[in-house]
Amino acid sequence: MRQEPLEIYVSSAFPNNGTRQVAVRSAGLPSDDPCYFEDEVVVEENSVLKYPVERCMMQRGSGAARLAINIAEKTGRLILVYGMNRDVHTADAFLGIPDQYAGTKYQTASYAPSHIGSQFSIVALENDTTVTLTFADRNDIINEQGKSSFHGEKI
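Sequential numbering from 1 applies to the sequence shown in our numbering.
Misleading hints may appear alongside valid ones.
Taking lysine to any residue and the SDA-like style, the derived pairs with C-alpha atoms no more than 20 Å apart in a straight line are [as the list claims (entries may be wrong)]:
{"no.": "1", "residue 1": "K50", "residue 2": "Y9"}
{"no.": "2", "residue 1": "K74", "residue 2": "P98"}
{"no.": "3", "residue 1": "K50", "residue 2": "G18"}
{"no.": "4", "residue 1": "K50", "residue 2": "A68"}
{"no.": "5", "residue 1": "K74", "residue 2": "T19"}
{"no.": "6", "residue 1": "K74", "residue 2": "V42"}
{"no.": "7", "residue 1": "K105", "residue 2": "I122"}
{"no.": "8", "residue 1": "K50", "residue 2": "K74"}
{"no.": "9", "residue 1": "K74", "residue 2": "F37"}
{"no.": "10", "residue 1": "K74", "residue 2": "S11"}
{"no.": "11", "residue 1": "K50", "residue 2": "N70"}
{"no.": "12", "residue 1": "K74", "residue 2": "F14"}
{"no.": "13", "residue 1": "K105", "residue 2": "L95"}
{"no.": "14", "residue 1": "K50", "residue 2": "A72"}
{"no.": "15", "residue 1": "K74", "residue 2": "D99"}
Quick list of simulated restraints, FRET-style, between CB atoms [stated by the list, open to error]:
{"no.": "16", "residue 1": "V41", "residue 2": "L95", "range": "18 to 24 Å"}
{"no.": "17", "residue 1": "A109", "residue 2": "A65", "range": "18 to 24 Å"}
{"no.": "18", "residue 1": "E44", "residue 2": "A93", "range": "18 to 24 Å"}
{"no.": "19", "residue 1": "N46", "residue 2": "V123", "range": "25 to 31 Å"}
In case anyone wonders, no lab produced these hints; they're calculated from the structure. No experiment lies behind these values; they were computed from the predicted model shown. We put the CB at the ideal spot given by N, CA and C, even for glycine.
Please put together the full structure from these sequences, using the hints given.
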């Protein structure tokens, strides 16, 4: 099976606003991990930089993993970050939100036929973060500990 690359796209938040010096690193991994990376890139004015990410940074299965990627503009100017996870029968995307704009309530939408599961990931910005999930639909959900949860329940 052909495996497509993982990609992150970075652009200036505003047109005609100069280049951006951007630091990219695998924030959750120790430096001796084979998947660890730390890089500095330049995003040219009025362009989008495509940054490839090794497939070892892809979430596999369920449960906690330290696969977060930290992307920061070195002088604090705003950048836009979005990513793609493409494979033969799937395509997933995300929009990166700057830490200072992160909220406390989010929604995730997913679709899967009854014979295929659906997943989503949550990245905590701080240690000891507590996450509460409330399911909106009437489908049962199996969480990472194997416990079923249903419409309206919180875990």
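Ascending list of hint numbers which this structure does not respect: Of the numbered hints, all hold.
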